[in-house]
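Protein chains: 2
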Amino acid sequence: MKYPLIIQNLIDQFSKLPSIGPKSAERLVFHLLYQPQNELHEFSQAIDHLKINVRQCQICFNFSESDPCYICSNPKRNKTIICVVAKPQDMAIIEKTGSFEGVYHILGGNINPLENISPQNIKIKELLIRIKNNGVKEIILALNPDMSGETTSLYLSKLIKQFPDIKITRLARGLPMGADLEYADEITLENALKDRKEL
Amino acid sequence: MKYPLIIQNLIDQFSKLPSIGPKSAERLVFHLLYQPQNELHEFSQAIDHLKINVRQCQICFNFSESDPCYICSNPKRNKTIICVVAKPQDMAIIEKTGSFEGVYHILGGNINPLENISPQNIKIKELLIRIKNNGVKEIILALNPDMSGETTSLYLSKLIKQFPDIKITRLARGLPMGADLEYADEITLENALKDRKEL
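So the protein lines, in turn, are chains A and B.
Going by my numbering, the first residue of the first sequence is number 1, and it counts up by one from there.
Going by my numbering, the first residue of the second sequence is number 1, and it counts up by one from there.
No lab work stands behind these hints: they were computed from the structure.
Check before you lean on any hint, since a few could be wrong.
Identical copies look the same in the list; a pair holds intra-copy or inter-copy alike.
[As the list claims (entries may be wrong)] Derived lysine-lysine pairs resembling PhoX-like cross-links, with alpha carbons at most 20 Å apart:
(1) Lys87 with Lys2
(2) Lys96 with Lys76
(3) Lys96 with Lys23
These numbers come from a predicted model, not from an experiment.
Bound-form chain A, shown alone:
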């Protein structure tokens, strides 16, 4: 036995979290052992109460204290434009720009056969129901420009094309702000050339 059972148990719990290996988990647990009990209690309560006080919006699948969430229930948001994202964090980062006035749909992941995520595992059916029932005019596919994001975008755009009145768009590709042409990869540069804009 390397550590007392109670310490090992918490190390195992931390190791279950994404991107935390057993070594990092050890370091976290020993850090906690040197903290006062009231801080540990606060941390523990925050975890225990997380899902009790937070619900998943049954329209867009965002996490919020209310259902529908604070975005779907906001009368100022334009319900005819839906921005489709993979994760709640992606939604938060778009919100931070302050330049989108529509609503969101959080898939909960991208299609990824390597990780056993098929179309049935993410909220695609629910997106189609939303499109069918409401006067949606545009779907923005804001998925990552990588293999699984592209697969999901392709899959979704094929499905949404059965509704001929709906415009389907995706985020623009090109050089990010502050980029250096010398270090840009070929595909980014190719995209930037292809979608060049007249001044």
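Based on the hints, put chain B in the right spot on chain A.
Here is chain B on its own, set in the frame of chain A:
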């Protein structure tokens, strides 16, 4: 407001942990939001009960379910050899070799003026009391071969030299197993040459 208060609160709690930034904390919290409540409850209980069931040994400052700890209370361990380490994890890794039969003393850190850790903040006084009261024959300084570890070793060896009967040693320096001479740094190689062993 980027996230609901309850989510943001847990993100802040995770961000307090060492080597977890706000982005990683977000990812951890959203991972937890997709887990079942009973797993969250288990995790929360493990944190809350950590310090209640684990005590710090008042002899060596190891964490254990008993005080004295399972090593200090083991009659088979040689109490005349004390291995001084900075962290409980260092002790665990030495224990794993199975080749040390003495006892430990956990300082709880190294002297590091940059991080405001002075000799009074770590268990040096307690080490000297242990040495004074018992028939200690050897002190092994098993501290990291870096700036703060070396400082602490130097500081400790000066203090312990007031007890002329006690042998002070430190871990050997040299090439680690599996090393490639071509890629060894100069100081390691210098140490390996200086401490070369006759075959």
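Results of checking the hints against the structure:
Taking the shortest alpha-carbon separations for Lys87 and Lys2, only the inter-copy value of 14 Å comes in at or below 20 Å, while the best intra-copy value is 38 Å. In this homomeric assembly, Lys96 and Lys76 come within 20 Å of each other (Cα to Cα) only inside a single copy, at 17 Å, whereas the closest approach across copies is 62 Å. In this assembly of identical chains, the alpha carbons of Lys96 and Lys23 lie at most 20 Å apart only when taken from different copies (14 Å versus 34 Å within one copy).
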